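S.K.: Model the full assembly from the supplied sequences, consistent with the hints where possible.
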Amino acid sequence: NAGVTQTPKFQVLKTGQSMTLQCAQDMNHEYMSWYRQDPGMGLRLIHYSVGAGITDQGEVPNGYNVSRSTTEDFPLRLLSAAPSQTSVYFCATQVSGANVLTFGAGSRLTVL
Amino acid sequence: GENVEQHPSTLSVQEGDSAVIKCTYSDSASNYFPWYKQELGKRPQLIIDIRSNVGEKKDQRIAVTLNKTAKHFSLHITETQPEDSAVYFCAASKDNFNKFYFGSGTKLNVKP
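For the record, the sequence lines run as chains A and B. Going by our numbering, the first residue of the first sequence is number 860, and it counts up by one from there. Going by our numbering, the first residue of the second sequence is number 4, and it counts up by one from there.
Source of the hints: derived by calculation from the structure; they are not laboratory data. For clarity, every value in this text was computed on a predicted model and none was experimentally measured. In this text, a Cβ means the ideal position worked out from N, Cα and C, and glycines have one as well. Fair warning: there could be bad hints in the mix.
[Said to hold, decoys possible] Here are the computed distance ranges between Cβ atoms for each label pair:
(1) A:874 / B:84: 23 to 33 Å
(2) B:59 / A:867: 40 to 50 Å
(3) B:63 / A:957: 15 to 25 Å
(4) B:54 / A:877: 36 to 46 Å
(5) B:23 / A:873: 11 to 21 Å
(6) B:21 / A:873: 25 to 35 Å
(7) A:942 / B:19: 35 to 45 Å
(8) A:957 / B:82: 23 to 33 Å
(9) B:74 / A:928: 15 to 25 Å
(10) B:43 / A:938: 25 to 35 Å
(11) B:62 / A:897: 25 to 35 Å
(12) A:942 / B:6: 21 to 31 Å
[Claimed, not checked] Below 27 Å or equal to it, Euclidean Cα-Cα: the simulated DSSO-like pairs (lysine-lysine) are:
(13) B:110 / B:60
(14) A:868 / B:97
(15) B:102 / A:868
(16) B:102 / B:114
(17) A:873 / B:45
(18) B:25 / B:60
(19) B:40 / B:61
(20) B:60 / B:97
(21) B:60 / A:868
(22) B:40 / A:868
M.R.: Structure representation (structure tokens):
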């Protein structure tokens with residue numbers, strides 16, 4: 860039982876490059892979400908999903924795309940990376956209607 | 004949307020002293036208020052939470068209080084220990100728990 864697995868742990872991109880942060884969970888949690896963590900700003904919700912095929916925007920969705928084709932996976936795509944997207948990204952899962960967030964270990968992204 | 008403010012941003016206490024971290028929220032519909040602890044380089048983990056129908060909740064050395072009228076809630080840690088050193092985040096959410104709005108974090112340093 861791996862819980863929530865994020866890959867990669869570290870990534871360096873150049874401005875304009877694209878990449879996908881992967882998030883996989885084996886807990887059969889319905890809800891999944893992506894947060895970014897920046898110094899002095901806490902965690903901010905990027906996108907979330909309440910089940911396969913359903914996604915919605917959070918506080919800071921611009922520049923990011925998501926899809927949820929399976930219960931297990933919730934990838935976050937950066938289509939054209941910008942230095943402002945340098946951050947630590949956390950994937951989180953929840954049981955439907957439950958309140959506890961289970962976080963992945965995080966992915967540190969640097970955009971030069 | 005919801006706005007959660009957290010103070011102080013840093014807090015330094017002597018081992019054995021108490022620590023208090025305060026948060027305010029703006030949306031009166033928010034009804035669930037968790038606190039997460041994040042140790043250096045680790046993922047956030049839930050330490051205590053409170054719902055809006057409760058004024059106070061305790062778990063050993065930690066407690067959370069909620070004042071719905073004033074829209075603020077606080078984390079209290081008694082008899083602090085060096086292992087309490089971490090960043091603490093408050094958050095607010097509504098019934099569906101799809102979205103969590105986090106405070107900016109408090110870095111607690113417990114000096115031995």
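S.K.: Compare the structure with each hint and give your call.
M.R.: Results of checking the hints against the structure:
Distance hint check for residue 874 of chain A and residue 84 of chain B: the Cβ-Cβ separation is about 44 Å, which falls outside the suggested range of 23 to 33 Å. A hinted range of 40 to 50 Å holds for the C-beta pair residue 59 of chain B and residue 867 of chain A, which are about 42 Å apart. Here the CB-CB span from residue 63 of chain B to residue 957 of chain A is close to 23 Å, well matched to the stated 15 to 25 Å. Taking 36 to 46 Å as the suggested C-beta distance range, the pair residue 54 of chain B and residue 877 of chain A conforms, at roughly 41 Å.
The beta-carbon spacing between residue 23 of chain B and residue 873 of chain A, approximately 45 Å, falls outside the hinted interval of 11 to 21 Å. For residue 21 of chain B and residue 873 of chain A, the Cβ-Cβ distance of about 48 Å falls outside the hinted range of 25 to 35 Å, so the restraint is violated. The supplied range of 35 to 45 Å is met by residue 942 of chain A and residue 19 of chain B, whose beta-carbon atoms lie about 44 Å from each other. In this structure the hint that residue 957 of chain A and residue 82 of chain B lie 23 to 33 Å apart at CB holds, the actual value being about 31 Å.
A C-beta distance of roughly 39 Å is found between residue 74 of chain B and residue 928 of chain A, which places it outside the suggested range of 15 to 25 Å. The hint said 25 to 35 Å for the Cβ distance between residue 43 of chain B and residue 938 of chain A, and at roughly 32 Å that hint holds. Taking 25 to 35 Å as the suggested C-beta distance range, the pair residue 62 of chain B and residue 897 of chain A conforms, at roughly 29 Å. At roughly 26 Å, the beta carbons of residue 942 of chain A and residue 6 of chain B sit within the given window of 21 to 31 Å.
Between the alpha carbons of residue 110 of chain B and residue 60 of chain B the distance comes to roughly 22 Å, so the proposed pair stays at or under 27 Å and holds. Restraint check for residue 868 of chain A and residue 97 of chain B: the C-alpha separation of about 31 Å exceeds 27 Å, so the hint is violated. In summary, the hint linking residue 102 of chain B to residue 868 of chain A is supported, as the alpha carbons are separated by about 24 Å, within the 27 Å threshold. In summary, the hint linking residue 102 of chain B to residue 114 of chain B is not supported, as the alpha carbons are separated by about 35 Å, beyond the 27 Å threshold.
Restraint check for residue 873 of chain A and residue 45 of chain B: satisfied, since their Cα atoms lie roughly 26 Å apart, inside the 27 Å limit. Under the criterion of a C-alpha separation no larger than 27 Å, the hint pairing residue 25 of chain B with residue 60 of chain B is consistent with the structure, at around 15 Å. Distance restraint check for residue 40 of chain B and residue 61 of chain B: the Cα-Cα separation of roughly 16 Å lies within the 27 Å cut-off, and the hinted pair is therefore satisfied. As the CA atoms of residue 60 of chain B and residue 97 of chain B are separated by approximately 19 Å, the hinted pair is consistent with the 27 Å bound.
A hinted pair counts as satisfied when its Cα atoms are at most 27 Å apart, and residue 60 of chain B with residue 868 of chain A does not qualify at roughly 36 Å. For the given pair, residue 40 of chain B sits about 20 Å from residue 868 of chain A by alpha-carbon distance, which is consistent with the 27 Å threshold.
The structure shown violates the earlier hints numbered 1, 5, 6, 9, 14, 16, 21.
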